[in-house]
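Asker: Chain by chain, the residues run as shown.
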Amino acid sequence: MNHLKNIPLSIPYKEIYARLGYSVHKTSLQKSEKDRIDAIIRDGFSLCNFQGIYKQVKILSVTQKGFILESGHEIESVYLKDKLKEYGSMIMMAASAGRIVTETVTELMKKGDNGIAVIYDATASESADAVLDYLQKHINMQFARSGMAISRLRYSPGYGDIDLSVQKIIYDILELQDYGIILTEYFQLIPEKSVLAIAGLS
Amino acid sequence: MNILNQLLNNNGILILDGATGTELSERGMPSGVSPELWVLENPSSIRSVQDDYFNAGSDIVYSCTFGGNRIKLAQYTDDLSAVFDINRKLAAISKENSSGGLVFGDMAPTGKFIEPFGELAFSEAVDVYREQAAGLCAGGVDGIVIETMMDLQETRAALLGAKEAAGERPVVVTMTFDADGYTLNGTHILSALSIIQSLGADAFGCNCSTGPAEMLELIKIISPYSRIPLMAKPNAGLPKLIDGKTVFTMGAEEFSSYSRQFIDAGVSIIGGCCGTTPGHIEKVKQALDNYKPSARSEKKSFVIGTVKDAQVSSADDPLLLINTESGDKYRKCSADELRDSLVEFCIHNSYIPVIRYDNEANLSVTLNIYPGRALIAVKNQNEFQTVLPLANKFGAVIFADGFSPENGSDSECLTDIIVCCNDIKNENYIYAFNLSAIEHENDRLFEISMLYKNEIPVLAGNPSDDLCDFIVAYDALTGRDKKLENLMSRLHQSESKPASDSDVEDKDPVYMAVLKGRDNVIENAINDSLKNGTAPGKIVDEYLIPAINVVGDLYEKKEYFLPQLIMSADTMRKGFQILEPLLAAENSSKSKDGLVVIATVKGDIHDIGKNIVALMLRNYNFDVIDLGKDIDDKTIVDAAIANKADIIALSALMTTTMVQMKTVVETAVKAGCKARIIIGGAVVDQNYCNEIGADGYSSDAMEAVKLAQRLIQV
Amino acid sequence: MTREEFAQLCLKKTVILDGSTGIELIRREMKVTGSIESSILDSPDMLNELQRQYCEAGADIILTPTLGANRVKLQEYSFDGSVRELNRELASLSLKTASSFSTEVFGNISSTGRFIEPFGDLLFDDAVDYFREQAEGLLEAGVNGFFIETMIDLQEARAALIAVRELCELPAVVCLSFDKEGYTLNGSSPRSAVVSLQSLGADAVGCNCSTGPAEMIPIIQKMATCTKLPLVVKPNAGLPSLKSGKTVYSMDKNEFLSYIPNFHKSGVSLIGGCCGTDPGFINDIAVQWSNKVPLKRESFMASAIASHRTITQFGAGNFTLIGERINPTGKKDFQKQLREKDLTTIEIFASEQQEFGANVLDVNMGLSGIDEREMMLKTISLLSRISPLPLCIDSTRPEVIESALKLYPGRALVNSISGEKDRLEITLPIAAKYGAMLIILPLDDNGIPATFEARVQVIRKIIDEASKYGYTTDDMVIDGLVMTISSDQKAAKTTLDLINWCADNGINSVCGLSNVSFGLPQRDIVNSAFLALGAQRGLTSAIANPSSERLRKIISSINRKGCRI
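Residue numbers (my numbering), protein chains in the order written: chain A, 4 to 205; chain B, 31 to 744; chain C, -16 to 548.
For reference, chain A alone in the conformation it holds in the complex (with noise of 0.2 angstroms):
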């Protein structure tokens, strides 16, 4: 189990603005405008408790419908053994990007800034997204010396036929309960900025 805080990230701000509709070619924003979202995206960023985790479980068999792990989990999925049948591992990851964002953001939109509240809520879900990515660059440099690389493409439950319930699978391999992370019965995580991952470790 590796478990990485306060991780070092940059600004995600194109993802933000594209999370937000963002058009290069339509959108017109003036300087000042921009200068403002931005400013607001910053604040967001800055509400955000990074933290990653992530685990290698080893593949035992390649069954029809998916896989059966190490760990005794099953995953059903066509999609993802497709994606995956190459690998002999799969490397579990979650991230998230804190509790206090997204409460700020229920009090902006009480208040009636709806705009900032926005604004925070993409940043915080792109900056969770990127956490991600930092964690697959993470693991790649690991395991580099030892010859192994992971997948570069990473596959989240709700995916094409990769069933929300698989949520459960990952959460209880990383022991996400240990983290302050919560999964509902509808398979919700909480804090809301959180994003669970499945990715192959060759």
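The set of hints was computed from the structure by calculation and includes no laboratory data.
Wrong hints could be hidden among the right ones.
To be verified - Reference listing, derived: stretches of chain C covered by chain B, where coverage requires no fewer than 3 residues with Cβ under 8 angstroms from a Cβ of chain B: (1) 84 to 92; (2) 468 to 480; (3) 494 to 507.
Just so we're clear, the structure is a prediction, and the values are computed from it rather than from any experiment.
A virtual CB, placed ideally from N, CA and C, is assigned to each residue, including glycine.
Mind docking chains B and C on chain A? Use the hints.
Answerer: For chains B and C alone, coordinates are given in the frame of chain A:
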């Protein structure tokens, strides 16, 4: 002089080994075991590998102890008291076999992150590495190599630990950088060089992660600033995934074609990493036989490394401003303050601390743990003498504030000392020019040009904006700002005026406030408008509503994106809230177009999208009752009936909760509720809407408004 | 005698001149009908007697009695003969007398009494013609040199000297008359006079008449600071007063003599007397001073240019700022005005630039659709009258430069001489004729050399060529030729290296600052920064817009430190 420098003086170039892991696998090492423990059982394997490398031309081989630190070994064995011995034995195996060739004890990452980036205590990390180094030295290694380090703090711990055990033996460091020159944690290679060389490493360089072409570029970055020998141990190209295995495909011929370029770039210790074989090393040796590098010009330089980017200066770089008073790069603090705010200094920002010296003990503790080169400000000769050994040990920079240390330093002094005076005294001193030495404020602009004449790289003090403008110009004029980048960005910025809204000056301020989303001015704008006698209803009809309509159109045309839409909506909302009581008093409140009950369905706690839809509906003259999130079907339907809602709006963002929407539809039908039901959320679409029998689907807030307006008409 | 011999003479001994001629003859009651000159022709014996006495008294040089023998003065007496003839005849008398002695005879040319343009209505060329007429006659008679004296202003002295120099290479001495405040009637200053006249080819300069010896001492002292040329004094014997219907001068010869030690201390080489002096004066002077060697003057202001009122010296401690604004390039309104021959903007630019600290004004009238020469002359005339600052004549056309230099009542700076063939062959000789100071452009027909070494080569070539005309590096200011760093990042460094070389070799340098920042934002900052860097390397002047506050700040910092070659 240690053995490394002796050898370099004699030979000029030293050749390291190549990859060991694959070689051991070929000699029977199974996968998944600890190489260290396996080799202990099968020593002939490593002897054979190292023989091959020595024969191929290696001057130095690494002991097989990459994972031989206590933390890594803990994965394979419980007996951690044996760690010292394991290393000793492995070192001895290599050294006894070497017949005079050199063996360096290999140390590498523990896999854990060290405070403040992770949980492992710094002192513990130092202990781990000291332990390993001691074992290696006891086994007879000629030096210690710390390699494949990805994290600056861990490298520091390893270097400090190794130096404590190594005695006279050289300790060299290679780190792993991506092709852009950054470690995983964002430490730039120049920073790493600066910190590691000032911490007393005997050589520095890169290994792994990149092939020779990319690594060569990295070497070129650091070469002008390096005061110690440079090392390069690249992979055999970039890895490819073939049949589930990572394979390095660059052959020995191609690999060695870079060797001379490395030497020309300044490397004197060269080898190979993943994917290289004795064959590669042999070719390298051939390429470098009798090769003499072209003479490198020594350039006076000054680099302050941080955990991110370095502050760099030399006669060829822009003037380095050390603004110890204010500014975004340097922060004054006490040793304690720095220790307590490491996260703020190193992670949230990238400040270079200027530590006000107060006492030795806490300075020592702080410098030990601070991952970078700190500036220590001392006020007199006494303080200077006290701080000097600490600064040397931890590679800090002494800032002699207001006086000039008399003693020339000896060759053991690794510290950079900023001396605030105009005279050049000693090679090891880096001179800064102290701004306060010039009395006349006006004269500063002119006097600073003297720095350029004397090629002084650093200016310490609090320069005014005017002076900073001049410095940017001086840098450009003297060729220190290549491509005029700094000049263009600083001077261009202050010249261009922010686009003013003067093109629409004739539009009403209330209208403009909504159009531009300026919620901080709407209150004043409305009050002014009221004072001028405009009726509240008119403000709503002629300014607020037309403005938000325009905003909606702009959003649909994608000329506005989401934040602009919402900020305008917020502004409109705030404006409306100011006017609402006045409208009620006047009895000129317009009747609403309709009433909407909105909620996020049961089990789902996403509500941002829902809140925005509510906001927009209100702005477009709907009454909205927002029930909140995680609301069950009964509550929703009851509220709709009780309030005679025209529309029920439902939001769900997960596949697991969207089914609740179907439930609401069913419950509403059963209860005879007449309200139209519309749905939204990333997981749903028009098909799902049709499937569950809802009345409409909208993909965003504006569409929701349009949808609601349409449904009301019918 | 040759100019060289004259120079040697002035170094070896104190040269004794004569005393009053015309006034003394009148005192001796010579019969006067019409002009003094024609009266002398009627009484040649009296002249001969007087001049013989001077020779016996020990005069090394006597002057021909042709003080008023120019067309203008003679016209007052309705003279309708040949001016040239008259001068020749009069000169012959002196020559005959002097032939029995070892005394030299210098042709005396003096004031027309009329002010010459731009200060008056007499055209410069006409004035030169009048003086030439005289000089031709004197030359024909066989004079050994020329003595231009009692000139009421610098312009007159120039015209006479130019006339003489166009005719011959004999020694020419020039004296002006100063009032007791130390200025000519027109406000020309002694230093301006000296700087201008020595560059035109005078062999000695000084003052005569108008005041007594006491008042001349400070004037001579001022002159001594700016020239290595021999200095001349020919004072009156004090001030005149009317006594019993006769003009009497206040000093006797003893009193007159008492002033000579001061003159000697000030470095004077040639001493004589003017109104109120006689052979007795000269005798005593000769006895006491003839064998005294004039004091050597060690230092003097080199590298100076002058308007008729002030001088500006390059590299002497203060930075020299050449104001660039009088140039129609890029100034639409100004262009329009010039086409209408309206000089209003020029006046404004001149006074503003001076107010902001310019030491020299660059004048450029290059604009299509106007007569450059005409406008240049008009501008020079205007500026000579309203501005005390020396001018820099900025043109690419030799004929413009020639006319400008001829008219300009001072010593101008010429912008510029390059290594191009036509500049060296045509413009350089013109500038040399008038002794103008030169801005040297290190480029030639092959273009602008990219490296500083190549520029130095061009400079050496130009220095070489210019030395043939008597120029030394003291007369030059080298333009660093800075190009914009927006297209070549090394441009500034190349120029700075060149400036450094100039400073190492003791040569003044100049830069057109605004060139360095073409195409960049905040040009004022970049220009001022470049000025600072240049000054650190030894730049002594710049062509720039003085309105920039930043620039002025830098210049005052430079001056606080001192700016010397």
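Asker: Hint by hint, note whether the structure agrees.
Answerer: Tested hints:
1. 84 to 92: violated (count 0)
2. 468 to 480: That given contact holds, which follows from 7 residues of the segment 468 to 480 of chain C lying within Cβ reach (below 8 angstroms) of chain B.
3. 494 to 507: With 4 residues in contact (Cβ-Cβ under 8 angstroms with chain B), the coverage given for the segment 494 to 507 of chain C holds.
Checked against the numbered hints given earlier, the structure breaks only hint 1 and satisfies all the rest.
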